[in-house]
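**Q** Here's the letter readout for the chains.
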Amino acid sequence: NAGVMQNPRHLVRRRGQEARLRCSPMKGHSHVYWYRQLPEEGLKFMVYLQKENIIDESGMPKERFSAEFPKEGPSILRIQQVVRGDSAAYFCASSPLTGDTEAFFGQGTRLTVV
Amino acid sequence: QQQVKQSPQSLIVQKGGISIINCAYENTAFDYFPWYQQFPGKGPALLIAIRPDVSEKKEGRFTISFNKSAKQFSLHIMDSQPGDSATYFCAAGISGGYQKVTFGTGTKLQVIP
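If you read the protein sequences in the order shown, they are chains A and B.
Quick note on numbering: the working numbering labels position 91 of the first sequence as 81, and the sequence is numbered without any gaps.
Quick note on numbering: the working numbering labels position 80 of the second sequence as 182, and the sequence is numbered without any gaps.
Chain A extracted, bound-state conformation (with noise of 0.2 Å):
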């Protein structure tokens, strides 16, 4: 899994502030997918983006929280206004094609918030 690059891989934020995760898929990816980790739990899906599209953001919380895959460029993870419950590890993942291809992914950006 060490094909998906996400950075920063450790990312410290005040209340209040920006946070920007970047996720570089894995070559001849072209589907992203966003999960969340918190504390002691497992994963949560958040969001699924094929290039320049959103085609599944049933996990995203409804404010502060959006995402991107460009045309060119790594996807983008973006929270506005964070809170320290914002506080995770994030992680990306990759694939090439839809259906029963495994998604691959990445080390994750650990989010913290003080």
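Listed below are the simulated SDA-like cross-link pairs for lysine to any residue, each with C-alpha atoms no more than 25 Å apart in a straight line:
id	chain 1	residue 1	chain 2	residue 2
1	B	K144	A	R3
2	B	K202	A	N(-3)
3	B	K159	B	A172
4	A	K34	B	Q174
5	A	K34	B	S112
6	A	K34	B	A131
Hints were generated in silico from the structure; no laboratory data involved.
Treat the numbers as computed from the prediction; the structure is a model and nothing was measured.
Could you slot chain B onto chain A? The hints should help.
**A** Here is chain B on its own, set in the frame of chain A:
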């Protein structure tokens, strides 16, 4: 209905022993059941996956057993090794769609020498 329940939360097994982790689901639309292994500071990595058309799948020391009528599936790690110490997540999804899966809460496995 979207939940996947996983137990135990933690597990200590002696080297050479069998590690068993159990999961149960409610949504009968799920037809893809992967298991992920996660080491500290790393992302989850797919370990093995099963579909409901088979009741068991084995890959090396790892075996998934699947009981469709009970809506349960389990992971068995035979001859457990210290290098297997990690957190294991079961998950469930719907094949033919995209890779959106619902994860269990995880089992932290420690294999002691």
